[in-house]
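Keeping their order, the protein sequence lines are chains A and B. For what it's worth, my numbering labels the leading residue of the first sequence as 1, then goes sequentially. For what it's worth, my numbering labels the leading residue of the second sequence as 1, then goes sequentially.
Mixed in with the good hints, there may be bad ones.
As the list claims (entries may be wrong) - If the Cβ cut is set under 10 Å, some of the chain A residues that face chain B in the computed set are:
no., residue
1, SER48
2, GLY70
3, ARG73
4, ALA96
5, GLY99
6, GLN288
7, LEU289
Unchecked claim - So the derived label-pair ranges between C-beta atoms look like this:
no., chain 1, residue 1, chain 2, residue 2, range
8, B, SER22, A, PRO52, 54 to 60 Å
9, B, GLY311, A, GLY182, 44 to 50 Å
10, B, PRO244, A, GLU124, 54 to 60 Å
11, A, GLY103, B, MET40, 49 to 55 Å
12, B, ALA375, A, ALA55, 31 to 37 Å
13, A, PHE11, B, ALA375, 34 to 40 Å
14, A, PRO52, B, VAL290, 36 to 42 Å
15, A, GLY103, B, GLY29, 56 to 62 Å
Just so you know, these hints were derived from the structure itself, not from any lab. Fair warning: this is a prediction, and the values are worked out from it, not measured in the lab. For glycine and all other residues, C-beta sits at the position ideal for the given N, C-alpha and C.
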Amino acid sequence: MIRVSNLVKSFGDLRAVDDLSFAVGPGEIFGLLGPNGAGKTTTISVLSTLLPADAGSASVCGHDVAAEPGAVRRRIGVVPQELALYEELTAEQNLATFGQLYGLSGPRLKSRIGELLELAELAEHARRPVKGFSGGMKRRLNIMLGLVHAPEILFLDEPTVGIDAQARSRILDLIRSMNARGLTVLYTTHYLEEAEHLCDRIGVIDHGRLAALGDKEELIRQIGEHDVVRVQVPAAALAPAAAAAAAWPDVTFADLRRGKLEIHCRDGAALLPRLQAELSAGGLGLDQLEVIRPNLESLYLKITGRALRE
Amino acid sequence: MNTGVIQALVTLHVRQVVADRSNLFWLFGMPLMFTVLMGMIFGDMGGGAPEAPEVTVYDESRGPASGALIAALGGHENYRIVVADSAGSWDLARSLVDAGRRTASLHIPAAFDANLALGLPAALSLAYDPDRASAQTVRTALEEAVLRLEFLSAGRRAEAGFDEARFDSIWRDPRITLEVRTLGRLGGEPQPSALTGFTSGFQHTGPSYTLMFVLMFMLMSVRDVVTQRRNGTLRRLRLAAASPWLLATGLFLGPLAVGLVQAAVLLGLNLLLPGMDYGGSPGALVLTMVLFTAVSSALALCVATFCRTPGQADGLGMTASMLLASLGGLWWPLEVVPGFMQKIAMALPTGQAVTIFHNMIGRGWGLAGNAAHLAALAGMLAVLLVLAAARFRRLVD
Ligand SMILES: Nc1ncnc2c1ncn2[C@@H]1O[C@H](COP(=O)(O)OP(=O)(O)O)[C@@H](O)[C@H]1O
Ligand SMILES: [Mg+2]
Numbered sequence: 001m002i003r004v005s006n007l008v009k010s011f012g013d014l015r016a017v018d019d020l021s022f023a024v025g026p027g028e029i030f031g032l033l034g035p036n037g038a039g040k041t042t043t044i045s046v047l048s049t050l051l052p053a054d055a056g057s058a059s060v061c062g063h064d065v066a067a068e069p070g071a072v073r074r075r076i077g078v079v080p081q082e083l084a085l086y087e088e089l090t091a092e093q094n095l096a097t098f099g100q101l102y103g104l105s106g107p108r109l110k111s112r113i114g115e116l117l118e119l120a121e122l123a124e125h126a127r128r129p130v131k132g133f134s135g136g137m138k139r140r141l142n143i144m145l146g147l148v149h150a151p152e153i154l155f156l157d158e159p160t161v162g163i164d165a166q167a168r169s170r171i172l173d174l175i176r177s178m179n180a181r182g183l184t185v186l187y188t189t190h191y192l193e194e195a196e197h198l199c200d201r202i203g204v205i206d207h208g209r210l211a212a213l214g215d216k217e218e219l220i221r222q223i224g225e226h227d228v229v230r231v232q233v234p235a236a237a238l239a240p241a242a243a244a245a246a247a248w249p250d251v252t253f254a255d256l257r258r259g260k261l262e263i264h265c266r267d268g269a270a271l272l273p274r275l276q277a278e279l280s281a282g283g284l285g286l287d288q289l290e291v292i293r294p295n296l297e298s299l300y301l302k303i304t305g306r307a308l309r310e
Numbered sequence: 001m002n003t004g005v006i007q008a009l010v011t012l013h014v015r016q017v018v019a020d021r022s023n024l025f026w027l028f029g030m031p032l033m034f035t036v037l038m039g040m041i042f043g044d045m046g047g048g049a050p051e052a053p054e055v056t057v058y059d060e061s062r063g064p065a066s067g068a069l070i071a072a073l074g075g076h077e078n079y080r081i082v083v084a085d086s087a088g089s090w091d092l093a094r095s096l097v098d099a100g101r102r103t104a105s106l107h108i109p110a111a112f113d114a115n116l117a118l119g120l121p122a123a124l125s126l127a128y129d130p131d132r133a134s135a136q137t138v139r140t141a142l143e144e145a146v147l148r149l150e151f152l153s154a155g156r157r158a159e160a161g162f163d164e165a166r167f168d169s170i171w172r173d174p175r176i177t178l179e180v181r182t183l184g185r186l187g188g189e190p191q192p193s194a195l196t197g198f199t200s201g202f203q204h205t206g207p208s209y210t211l212m213f214v215l216m217f218m219l220m221s222v223r224d225v226v227t228q229r230r231n232g233t234l235r236r237l238r239l240a241a242a243s244p245w246l247l248a249t250g251l252f253l254g255p256l257a258v259g260l261v262q263a264a265v266l267l268g269l270n271l272l273l274p275g276m277d278y279g280g281s282p283g284a285l286v287l288t289m290v291l292f293t294a295v296s297s298a299l300a301l302c303v304a305t306f307c308r309t310p311g312q313a314d315g316l317g318m319t320a321s322m323l324l325a326s327l328g329g330l331w332w333p334l335e336v337v338p339g340f341m342q343k344i345a346m347a348l349p350t351g352q353a354v355t356i357f358h359n360m361i362g363r364g365w366g367l368a369g370n371a372a373h374l375a376a377l378a379g380m381l382a383v384l385l386v387l388a389a390a391r392f393r394r395l396v397d
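Could you build the full structure based on these sequences and the hints that come with them?
Encoded structure:
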């Protein structure tokens with residue numbers, strides 16, 4: 001659905017997007033995760049035909065963004081980072097305006113507006129001016145405005161900025177339910193948890209470059225982080241067990257730490273049966289076992305060297 | 001041309017304007033207030049104040065006969081009697097009439113009542129401007145009142161017990177009746193200003209303030225365009241509108257539509273003011289307003305491309321509308337400013353438009369007489385549209 005290859009976009013000396021490549025398949029929720037200034041919005045602007053790329057190419061639904069901007073625009077919905085709403089108009093009027101711009105009218109427009117208001121749980125606020133809405137309501141309407149013309153792909157640029165946790169989870173549910181109806185989603189965020197919980201695949205972006213790409217497991221593996229397996233072993237058995245484990249393939253480290261046997265390996269879960277067999281052969285059980293998987297946050301810090309939360 | 005997109009953008013602008021009730025005040029309330037207020041201030045300039053012209057009476061006699069005389073003069077619509085507090089000099093009274101500041105002056109000398117009571121000759125003096133219909137009325141009324149006094153005093157001298165009741169019975173049943181009808185219109189009243197050809201201050205303020213507030217509201221809404229750019233709605237419009245040119249056209253036509261409604265309402269309501277009409281050429285009136293409103297909308301779009309913040313929009317918009325209004329002769333008639341300022345005014349759309357209105361109202365000129373000014377407005381519109389198109393990218397990128 002989306003194909004980005006070696007995309008470059010500079011503002012003066014600053015390379016806001018630097019040789020970026022990734023692809024998003026149909027029905028996928030793809031997360032573009034990166035700190036502020038990473039180049040997420042710039043990427044979305046190029047993909048939505050609002051900014052021309054300096055080099056590389058991008059296509060959406062098989063249409064090149066530079067060559068066929070009109071065809072691309074009809075197929076995408078864009079939810080900008082800002083609350084791009086007419087505050088003095090009602091929710092209904094906001095939706096009607098964009099519906100009319102996309103050529104909807106009459107009963108079709110009316111039913112589409114009703115449907116979207118229902119979806120966003122804003123039906124009973126349809127006739128209220130948006131300026132009286134809560135942050136979460138505005139954010140939901142902001143999303144709906146990108147969906148009026150029933151696009152195949154939705155670009156969501158940090159749609160949960162500035163709202164509380166409850167309102168945020170409502171929005172994530174909303175996105176999931178729209179995805180379940182077949183909508184492909186490109187989701188940018190600087191919140192790690194959101195990417196982790198919502199997205200099928202994640203591209204980590206920093207300084208305009210793609211630092212890692214894949215699902216959560218793949219990301220961790222790409223970065224070369226390891227699982228840590230800790231197990232309580234009687235003191236006498238420690239040294240031989242460590243020596244044996246160190247010889248196993250896939251294990252990068254095995255030794256005594258804080259009175260326990262600690263093993264670093266690529267896949268802790270895969271290691272367990274063998275460890276169990278080894279220990280029971282020596283008449284020992286798996287006692288006080290813990291497997292620590294590195295989380296994305298430590299990974300993310302390692303990639304970008306920057307803390308995520310503002 | 002995708003009319004759906006244009007229609008949606010025009011509807012959007014109308015919705016935005018209507019959503020804020022205070023806009024009604026800026027669109028209609030404020031201009032009407034200014035038109036009436038300033039029209040009254042300019043009233044003198046036109047020469048014919050809406051108030052009836054003044055007849056001054058210098059009553060030094062202050063008796064029943066002089067009182068009856070003054071009472072007999074009253075009750076006419078086309079002049080009003082002002083009894084002067086202190087008896088001014090008769091020369092002064094005459095000079096006021098001579099200068100056109102009074103319709104007539106009547107002098108009743110101190111001995112009037114006493115002489116009449118004694119049956120002695122009593123003199124009255126009237127000075128009046130024969131060009132004025134109101135002065136003619138004064139003279140007729142005065143002659144009738146004098147005649148009445150004459151007969152009353154003659155009857156008293158001739159017949160013992162002749163009283164007011166007896167006199168009235170004769171007076172009310174005359175043998176000879178004369179019916180007088182004044183047909184046609186007497187010139188000279190109210191006098192058109194030699195400068196503007198106007199007979200009422202509203203003839204200046206009506207069109208001028210309509211032009212000014214159409215322009216001003218248009219430039220005030222530059223703030224909304226800048227706000228839309230900042231909050232991302234303009235980018236959204238660009239994504240949704242099939243092309244940037246459709247978007248530009250919509251952003252031009254939306255304010256134009258609102259401005260035309262505003263102009264129609266204001267010009268219509270102005271007709272209720274005394275002395276107001278727009279001459280005999282509806283074609284010239286409509287074309288002028290359409291061109292001027294279009295120029296204003298194109299100008300607002302241009303100004304928007306130069307502003308980054310709502311504050312800049314307010315500042316630039318207000319400065320532009322004040323300069324265009326004052327230099328263009330919307331605040332005071334161009335006829336009263338020096339020649340080089342008149343030349344400057346002709347370089348501005350406001351100056352061209354108000355000149356057309358003056359020609360229509362003061363001289364009765366239509367499309368042909370105003371062709372050069374209409375062409376100038378059309379030329380300005382073309383220049384502004386080209387400029388707006390050239391700079392439009394800056395607005396939406
Ligand atoms: N129009 C622009 N002109 C100049 N620099 C820009 C512009 N837009 C973005 N940038 C810069 O490009 C970089 C990437 O910005 P952006 O794509 O907005 O990042 P993100 O959305 O990930 O926070 C930032 O350093 C930002 O300052
Ligand atoms: Mg951003």
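Tested hints:
1. The closest approach between the C-beta of SER48(A) and any C-beta of chain B is roughly 6 Å, which is under the 10 Å cut-off, so the hint is satisfied.
2. Taking 10 Å as the C-beta contact cut-off toward chain B, the hint placing GLY70(A) at the interface holds, the least distance being around 7 Å.
3. The restraint placing ARG73(A) at the interface with chain B holds, with a minimum CB-CB distance near 6 Å, inside the 10 Å limit.
4. With its C-beta approaching chain B no nearer than about 8 Å, ALA96(A) sits inside the 10 Å limit, and its interface hint holds.
5. Checking GLY99(A) against chain B by beta carbon gives a least distance of about 8 Å; that is within 10 Å, so the hint holds.
6. Nearest Cβ of chain B to the Cβ of GLN288(A): about 55 Å, over the 10 Å cut. The hint is violated.
7. Residue-level restraint check for LEU289(A) is violated (minimum Cβ-Cβ distance to chain B is 52 Å; threshold 10 Å).
8. Against the hinted window of 54 to 60 Å, the Cβ-Cβ separation of SER22(B) and PRO52(A) comes to about 41 Å, which falls outside the hint.
9. Taking the beta carbon of each, GLY311(B) and GLY182(A) are about 46 Å apart, inside 44 to 50 Å as hinted.
10. For PRO244(B) paired with GLU124(A), a C-beta distance near 37 Å fails the hint of 54 to 60 Å.
11. Distance hint for GLY103(A) and MET40(B): a CB-CB separation of about 52 Å, consistent with the stated range 49 to 55 Å.
12. For the pair ALA375(B) and ALA55(A), the beta carbons lie near 50 Å from each other, so the given range of 31 to 37 Å is not met.
13. The hint said 34 to 40 Å for the Cβ distance between PHE11(A) and ALA375(B), and at roughly 45 Å that hint is violated.
14. PRO52(A) and VAL290(B) have their C-beta atoms about 38 Å apart, which keeps the hinted 36 to 42 Å range intact.
15. For GLY103(A) paired with GLY29(B), a C-beta distance near 38 Å fails the hint of 56 to 62 Å.
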